[in-house]
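A.B. asks: Below, each chain spelled out in residue letters.
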Amino acid sequence: MHKRVVFNSRVLPYLLLAPQILVTLVFFFWPAGQAIYQSAYIPDPFGLSSQFVGFGNFEFLLSDPYYLASFKTTVIFSTLVTLVSMGAALWLAVMADRVIKGSSAYKMLLVWPYAVAPAVAGVLWLFMFNPNVGLVAWYLKVLGYNWNHVLDGEEAMGLVVVASAWRQISYNFLFFLAGLQAIPKSVIEAAAIDGASFARRFWTIVFPLLSPTTFFLLVVNVVYAFFETFGVIHTITGGGPQQATTILVYKVFSDGFVGQDLGSSAAQSVILLFVVGLLTVVQFRYIERKVHY
Amino acid sequence: MAYRKTLAGLVAATMLAGSTTVSFAATEIQWWHAFTGRLGDLLNEQVEKFNASQSDYVVVASHKGNYSEALNAGIAAFRAGEQPHILMVFEVGTATMMAAKGAIKPVYELMAETGKEFDQDAYLASVAGYYTTTEGQMLSLPYNSSTPVLYVNRDALEAAGIDPNIDLTTWEKVGEVLDTLKASGSACPLTTAWQSWVHLETLSAYHDVPFATKENGFGGVDTELAFNGPVQVAHVEAMGQWAKDGKFIYAGRRNESGAQFRAGECALFTESSAGYAGVKAEAQFAFDIRPLPYWDSVEAAPVNTIIGGASLWVMAGHEAEEYAGVADFLNFLSSANIQAKWHQDTGYLPITHAAYEQTKASGFYDANPGTDIAVIQMTGKAPTANSKGVRLGNFDQIRGIIDEELEAVWAGDKSAKDALDNAVQRGNQLLRRFEQANR
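Taken in order, these protein sequences are the chains called E and G. Under this note's numbering, the first residue of the first sequence is numbered 1, with each subsequent residue one higher. Under this note's numbering, the first residue of the second sequence is numbered 294, with each subsequent residue one higher.
Some hints here could point you the wrong way.
As the list claims (entries may be wrong) - For each label pair, taking beta carbons as the anchor points, the in silico distance ranges come out as:
hint: 1; chain 1: E; residue 1: Gly-144; chain 2: G; residue 2: Asp-706; range: 22 to 30 Å
hint: 2; chain 1: E; residue 1: Phe-227; chain 2: G; residue 2: Asp-711; range: 32 to 40 Å
hint: 3; chain 1: E; residue 1: Val-187; chain 2: G; residue 2: Gly-358; range: 50 to 58 Å
hint: 4; chain 1: G; residue 1: Asp-460; chain 2: E; residue 2: Ala-115; range: 53 to 61 Å
hint: 5; chain 1: E; residue 1: Phe-227; chain 2: G; residue 2: Ala-369; range: 16 to 24 Å
hint: 6; chain 1: G; residue 1: Asp-711; chain 2: E; residue 2: Gln-51; range: 30 to 38 Å
hint: 7; chain 1: G; residue 1: Ala-613; chain 2: E; residue 2: Leu-135; range: 53 to 61 Å
hint: 8; chain 1: G; residue 1: Lys-537; chain 2: E; residue 2: Met-128; range: 22 to 30 Å
hint: 9; chain 1: G; residue 1: Ala-369; chain 2: E; residue 2: Thr-24; range: 20 to 28 Å
hint: 10; chain 1: G; residue 1: Lys-537; chain 2: E; residue 2: Val-275; range: 34 to 42 Å
hint: 11; chain 1: G; residue 1: Asp-714; chain 2: E; residue 2: Lys-290; range: 44 to 52 Å
hint: 12; chain 1: G; residue 1: Arg-732; chain 2: E; residue 2: Trp-91; range: 55 to 63 Å
To be verified - Okay, derived cross-link-like pairs now, EDC-like style, lysine to aspartate or glutamate, Cα gap no bigger than 16 Å in a straight line:
hint: 13; chain 1: G; residue 1: Lys-634; chain 2: G; residue 2: Glu-338
hint: 14; chain 1: G; residue 1: Lys-475; chain 2: G; residue 2: Glu-451
hint: 15; chain 1: G; residue 1: Lys-537; chain 2: E; residue 2: Asp-152
hint: 16; chain 1: G; residue 1: Lys-475; chain 2: G; residue 2: Glu-558
hint: 17; chain 1: G; residue 1: Lys-357; chain 2: G; residue 2: Asp-334
hint: 18; chain 1: G; residue 1: Lys-707; chain 2: E; residue 2: Asp-152
It should be emphasised that the hints constitute simulated quantities derived from the structure, not laboratory data. All C-beta atoms, glycine included, are put in the ideal place defined by N, C-alpha and C.
Can you make the complete structure from the sequences, with help from the hints?
C.D. replies: Shown next, in the form of structure tokens:
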């Protein structure tokens, strides 16, 4: 059976854990605690005075139809970003996996976009699709389509989704490719000998065996779409037109940083904290069960 | 401490780039601002001139990002006890700064305490009025102020068979010109920058109707928005109809449309008078500047337009000796020579009568027709309670709400009345929050 290793000292294990605990406390629990504390107040920006309002900030938020609408926007946005970035990455990875000559060049090129900062990616896409000076927008106009994401909410959403997903494709691609290469060739060859087509081999063998990678990427991508896409949205649409691209995190930023409404911003952070917690629980309880390790 | 002084000396020396004698014993004055590019260069030039003109103080100007970022940097620094002496704050942040009583030192108080010469009547009332209390005491020093005007692409009018000198003083007349432009195939008859500032805030002041109650917020934080009145609704309705007909082209919330106008694609463009330098530098067509149009049907119009831009706030918590230097520097910035040059270089309004007179005497307005339109527009009539300015808490966010609602009108999703009613109702919630935070 197992040989149990036991610490003789009671203090030593805590000492060994201390750095990790300290980091967690300082960088996670302390700010989270601050957010919860601040969410009960309406402070003035300079920290000169603050009013205790209890759950007032939450009441204010949850009775605001625009805040509730931003939940829906976030769900649509995150789902689309995750689907697009993972779908495209998987397709590229499967294709790159089949390439024999010059595969490393393909791989390198596909990884490059990951090095582009979100805000810069936003600006790149903005320049291409700017209704007045953008190249793509100009071609679309030639083709008879009047692209105007400045006023059309759906076009704006499409644009921020593509710009956000584009960058993440590289990251997903790397993981998918590594996952594909870890699948034993013998299994696939055996299926091929049995006469299974490429598509059938993919869906019955490769995709299920890839599920740990897919699951991991799902978690990472949802978190990415929730929290890190804000730079893209800030540069491309600023949350508009109307509020078509105002996702939850963007609202935290604009209320807190632009509006100096720290109480509301803190309350929104707390709500986000719960949403992400909930999401993680759901992912691990219900989706992970379907994952074959 | 010794290290800090040395560092200050080094910074100052770098700033001056060996131009003049640097006194290492000089008191350092920090100025945080939001200007880059040409405006940043002109600002640094002013600082260099001041530093060279005396040896007691060294002003160190630091760029802290755009307006919002500079304000946030100032707020964060105050919380950490590291605030600069002077902070540049855009006009939208005025109420936020005013409400922070322990964080700021009003200009009138600074001048009284340091015993420096200060004549508030020397400043243009309609500019300084934005930054004074209802009792008329100056809180912050206006630095860069502009006001919306109408830019006209004369070539575009001519191409549509319109006399480029045509009368464009009223929106009624502009409407007729837009019809002709559209009929002759213009892709962009009219566009605008800063829609809330130009088409609601200034519109309200210009037609002497309230933007908000309590003298547009000057009278207290218990103010409520009032820009859903008939004048504003009628204007937004007309603009919405023009948008629908393809006569008004919306390009974005800030001044995105400027690129289109400067490229010669648009015929008419409502934008800040400070856009003059850019248009002059880039436009490959004949253009001129006209006063902002008003609705002839509104009897009170036109009063005066209101300003946008930024002012300089003096932060609390510094030594008396440093404040004496701050006062000297603010007086230096207000001096006629500096102001006249600033006005002529940038298109921003002169903040004093002396600077305006000096510019007029120098023949600048004759050589650059249209550059005095902004000043005339601001000073033609005495400001009323509705045209002094707008002072609202959370104003940056309220402008965001207005932008959203106006976009709904331009897109044809909402009627002007619904959109403005909704904006008022949403904005009022933010005003109540501001009131709560600053009780």
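A.B. asks: Hint by hint, note whether the structure agrees.
C.D. replies: These are the hints, each one checked on the structure:
1. E/Gly-144 x G/Asp-706: 22 to 30 Å: holds (23 Å)
2. E/Phe-227 x G/Asp-711: 32 to 40 Å: Roughly 35 Å apart at Cβ, these two residues keep to the hinted range, so it holds.
3. E/Val-187 x G/Gly-358: 50 to 58 Å: holds (56 Å)
4. G/Asp-460 x E/Ala-115: 53 to 61 Å: Holds: the Cβ-Cβ distance is about 57 Å, inside 53 to 61 Å.
5. E/Phe-227 x G/Ala-369: 16 to 24 Å: For G/Ala-369 against E/Phe-227, whose Cβ atoms are near 22 Å apart, the range 16 to 24 Å holds.
6. G/Asp-711 x E/Gln-51: 30 to 38 Å: holds (33 Å)
7. G/Ala-613 x E/Leu-135: 53 to 61 Å: holds (59 Å)
8. G/Lys-537 x E/Met-128: 22 to 30 Å: Hint holds: Cβ distance 28 Å, inside 22 to 30 Å.
9. G/Ala-369 x E/Thr-24: 20 to 28 Å: holds (25 Å)
10. G/Lys-537 x E/Val-275: 34 to 42 Å: holds (39 Å)
11. G/Asp-714 x E/Lys-290: 44 to 52 Å: Cβ of G/Asp-714 to Cβ of E/Lys-290: about 50 Å, so the range 44 to 52 Å holds.
12. G/Arg-732 x E/Trp-91: 55 to 63 Å: holds (58 Å)
13. G/Lys-634 x G/Glu-338: holds (11 Å)
14. G/Lys-475 x G/Glu-451: holds (13 Å)
15. G/Lys-537 x E/Asp-152: Satisfied, since the Cα-Cα distance of roughly 14 Å is no more than 16 Å.
16. G/Lys-475 x G/Glu-558: holds (13 Å)
17. G/Lys-357 x G/Asp-334: holds (15 Å)
18. G/Lys-707 x E/Asp-152: This hinted pair holds, its Cα atoms lying about 14 Å apart.
In this structure, every one of the numbered hints holds.
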